[in-house]
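Asker: Everything in the sequence shown is counted per the numbering used here, starting at 1 for the first residue and increasing by one.
What the hints contain is simulated information worked out from the structure, not anything from laboratory work.
Please note that the accuracy of each hint is not assured.
Said to hold, decoys possible - Derived Cβ-Cβ restraints for the label pairs, each shown as a range: (1) S30 with D207: 50 to 58 Å; (2) E144 with D50: 20 to 28 Å; (3) T48 with D173: 43 to 51 Å; (4) Y190 with V68: 31 to 39 Å; (5) D194 with G80: 18 to 26 Å.
Backbone N, C-alpha and C fix where the C-beta goes; we use that ideal spot for every residue, glycine too.
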Amino acid sequence: DCDGNVDDCAGECGGDAIEDECGKCNGDNSSCSGCTDESANNHDSDATIDDGSCNYDHFYLDLSETGVSQAVIFAETIAGLDPGDELGIFDAQALLSDGDCSSDYGSLLVGRATWTGEQINTVAISSIDFCNFPDGYQLPGFVEGNPIIVKVWDASEGVEYDTILDITAGSSDFEETSFVVISGLSLVTYGCIDAAACNYDSNANADDGSC
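Starting from the given sequences, assemble the full structure and let the hints guide the process.
Answerer: As structure tokens, then:
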């Protein structure tokens, strides 16, 4: 251990070496820096110095770029959202396999944005499947042709909502290297929507099978 002593470090790193807070000679503290808050999405259990990188998004996108994506535009005409609300773009049957050819599928967050009250241009990450080649592999992301799903996190209520989308350009399904414009969305409230039922819910806009 150098303990900040140049002479002690000299034998390991050479002359004029100084140990950083991580115990590295002539280091910059990067080897033990990261998010130290255990409640954060990106908590680093090996970090001892907090570098201010902690992420607390409700929709945390932990997905690497694959080189293929779809532009998703949320128009400023969207009503019912407050600044700070989050938008999560999901594929319910996305490719989950990462680096192998296991062909695992399931729900996956493929894009996100935080509402500001103005138009937002973001992207959804597409999957890659090269398993028809020798030594091929798959990378996670949306699967072209699957329906686009958007969920809203209401920051003030602390509630996640499903949505019904109003799309004015592009398809309601994922399309690689294309774009989609979402000009409006309705937050889904589940309940009985059959007016003839005893438990009809006038506030509901999606049937939950409870009639």
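Asker: Confirm or reject each hint.
Answerer: Here's how the hints hold up against the structure:
1. In this structure, S30 and D207 meet the distance hint of 50 to 58 Å, their C-beta atoms being roughly 54 Å apart.
2. At roughly 40 Å, the beta carbons of E144 and D50 sit outside the given window of 20 to 28 Å.
3. The hinted range of 43 to 51 Å is satisfied by T48 and D173, whose Cβ atoms lie roughly 46 Å apart.
4. A hinted range of 31 to 39 Å for the beta carbons of Y190 and V68 is consistent with their spacing of about 34 Å.
5. Hint check: D194 to G80, Cβ distance near 25 Å, so the stated range 18 to 26 Å holds.
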